[in-house]
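Taken in sequence, the protein lines are chains A and B. Every letter in the first sequence is one number past the one before it in the numbering used here, and letter 65, counting from 1, is 65. Every letter in the second sequence is one number past the one before it in the numbering used here, and letter 71, counting from 1, is 71.
One or more of the hints may lead you astray.
Below 20 Å or equal to it, Euclidean Cα-Cα: the simulated EDC-like pairs (lysine to aspartate or glutamate) are [said to hold, decoys possible]:
hint, chain 1, residue 1, chain 2, residue 2
1, A, Lys-66, A, Asp-27
2, B, Lys-45, A, Asp-65
3, B, Lys-105, B, Asp-7
4, B, Lys-97, A, Glu-59
5, A, Lys-41, B, Asp-7
6, A, Lys-41, B, Asp-77
7, B, Lys-91, B, Glu-15
8, B, Lys-2, B, Asp-57
9, A, Lys-41, B, Glu-56
10, B, Lys-97, B, Glu-5
11, B, Lys-97, A, Glu-52
12, B, Lys-42, A, Asp-88
13, A, Lys-41, A, Glu-87
14, B, Lys-45, B, Asp-82
15, A, Lys-66, A, Asp-98
16, A, Lys-20, A, Asp-98
17, B, Lys-42, B, Asp-82
18, B, Lys-91, A, Asp-98
19, B, Lys-97, A, Asp-98
20, B, Lys-45, A, Glu-87
21, B, Lys-42, A, Glu-52
22, A, Lys-64, B, Glu-3
23, B, Lys-45, B, Glu-56
24, A, Lys-41, A, Glu-52
25, B, Lys-2, A, Asp-65
26, A, Lys-14, A, Asp-65
27, B, Lys-91, A, Glu-59
28, A, Lys-41, B, Glu-15
Here are some, though not all, of the chain B residues that point toward chain A, as calculated from beta-carbon distances under 7 Å [claimed, not checked]:
hint, residue
29, Gly-16
30, Ala-20
31, Glu-43
32, Phe-98
33, Phe-100
34, Ser-102
No wet-lab data here; the hints were simulated from the structure. Where a beta carbon is used, it is the ideal one built from N, C-alpha and C, also for glycine.
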Amino acid sequence: GAVVSQHPSWVICKSGTSVKIECRSLDFQATTMFWYRQFPKQSLMLMATSNEGSKATYEQGVEKDKFLINHASLTLSTLTVTSAHPEDSSFYICSARDLRQGAGEQYFGPGTRLTVT
Amino acid sequence: RKEVEQDPGPFNVPEGATVAFNCTYSNSASQSFFWYRQDCRKEPKLLMSVYSSGNEDGRFTAQLNRASQYISLLIRDSKLSDSATYLCVVKGGNFNKFYFGSGTKLNVKP
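Based on the sequences and whatever the hints tell you, model everything.
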């Protein structure tokens, strides 16, 4: 299947700092990538849809100025958590849709575990 | 009402048992359906797509009932390695998004 990578896999930062997470599709081009957040024992919650070359579409309740998304190429999307707070500590997962494959299943990156102290 | 609902479990079963999970979805216009598996602290991985005619992949069988708006996953001859959380995923709606259930946790015990 298609491979999606994320970097870093885990990060600890101090409250008030910003953290950038990268999501790459390694062997396919992804015009659309998705950013999810997952709190312990909860399901994935879609934060935003990232479209190459255009502005991201944010879900209701997600602050676009706090979670900056850039999708500069067909293989790279970045999520920057600005002025992070402890409540932003979570598991952030990106996914990319491989449109070469049928219904366009999503392939997930390995996730980034963010801890804000 | 949630887009996708699942019984969170956990389902505790012995090795070799057959176990079934159901998932209901609210949007009758949903187009595609999937089961994903998520291991603890890992990303979800696609287990199988669910087709209208039902489909089988080894010990796993998925079925779709559009009239009742539910999908099911049947696991036969459970293995210890099947222990995980199984996520029901539905694609559709106004913006063709993917909607995730909260997952059903399966524990297969020796």
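Here's how the hints hold up against the structure:
1. Lys-66/A <-> Asp-27/A: It is violated: about 30 Å lies between the C-alpha atoms, which goes past 20 Å.
2. Lys-45/B <-> Asp-65/A: Given that 20 Å is the threshold and the Cα spacing comes to 30 Å, the pair is violated.
3. Lys-105/B <-> Asp-7/B: holds (9 Å)
4. Lys-97/B <-> Glu-59/A: holds (11 Å)
5. Lys-41/A <-> Asp-7/B: Satisfied, since the Cα-Cα distance of roughly 13 Å is no more than 20 Å.
6. Lys-41/A <-> Asp-77/B: Distance ~27 Å between Lys-41/A and Asp-77/B Cα, so the pair is violated.
7. Lys-91/B <-> Glu-15/B: Roughly 32 Å separates the two Cα atoms, so the pair is violated.
8. Lys-2/B <-> Asp-57/B: Outside the cut-off at roughly 29 Å; violated.
9. Lys-41/A <-> Glu-56/B: Violated: Lys-41/A and Glu-56/B sit about 29 Å apart, past 20 Å.
10. Lys-97/B <-> Glu-5/B: Holds, at about 16 Å.
11. Lys-97/B <-> Glu-52/A: holds (17 Å)
12. Lys-42/B <-> Asp-88/A: holds (19 Å)
13. Lys-41/A <-> Glu-87/A: Given pair Lys-41/A, Glu-87/A holds - Cα atoms ~16 Å apart, limit 20 Å.
14. Lys-45/B <-> Asp-82/B: Distance ~13 Å between Lys-45/B and Asp-82/B Cα, so the pair holds.
15. Lys-66/A <-> Asp-98/A: violated (28 Å)
16. Lys-20/A <-> Asp-98/A: Violated: Lys-20/A and Asp-98/A sit about 24 Å apart, past 20 Å.
17. Lys-42/B <-> Asp-82/B: Holds. Lys-42/B to Asp-82/B sits at ~15 Å (cutoff 20 Å).
18. Lys-91/B <-> Asp-98/A: With a Cα-Cα distance of about 14 Å, the restraint between Lys-91/B and Asp-98/A holds, given a limit of 20 Å.
19. Lys-97/B <-> Asp-98/A: With a Cα-Cα distance of about 14 Å, the restraint between Lys-97/B and Asp-98/A holds, given a limit of 20 Å.
20. Lys-45/B <-> Glu-87/A: violated (27 Å)
21. Lys-42/B <-> Glu-52/A: violated (26 Å)
22. Lys-64/A <-> Glu-3/B: violated (23 Å)
23. Lys-45/B <-> Glu-56/B: holds (17 Å)
24. Lys-41/A <-> Glu-52/A: violated (31 Å)
25. Lys-2/B <-> Asp-65/A: Given pair Lys-2/B, Asp-65/A is violated - Cα atoms ~27 Å apart, limit 20 Å.
26. Lys-14/A <-> Asp-65/A: The given pair, whose Cα atoms are some 19 Å apart, holds under the 20 Å limit.
27. Lys-91/B <-> Glu-59/A: holds (16 Å)
28. Lys-41/A <-> Glu-15/B: Measuring from Cα to Cα gives roughly 24 Å; hence the hint is violated.
29. Gly-16: Violated, about 28 Å.
30. Ala-20: Status violated, d = 20 Å.
31. Glu-43: With a closest approach of 4 Å, the Glu-43/B hint holds.
32. Phe-98: Constraint on Phe-98/B satisfied, holds at 6 Å.
33. Phe-100: With Cβ-Cβ at 5 Å, under 7 Å, it holds.
34. Ser-102: holds (4 Å)
Violated hints, listed in ascending order, are 1, 2, 6, 7, 8, 9, 15, 16, 20, 21, 22, 24, 25, 28, 29 and 30; each of the other numbered hints is respected by the structure.
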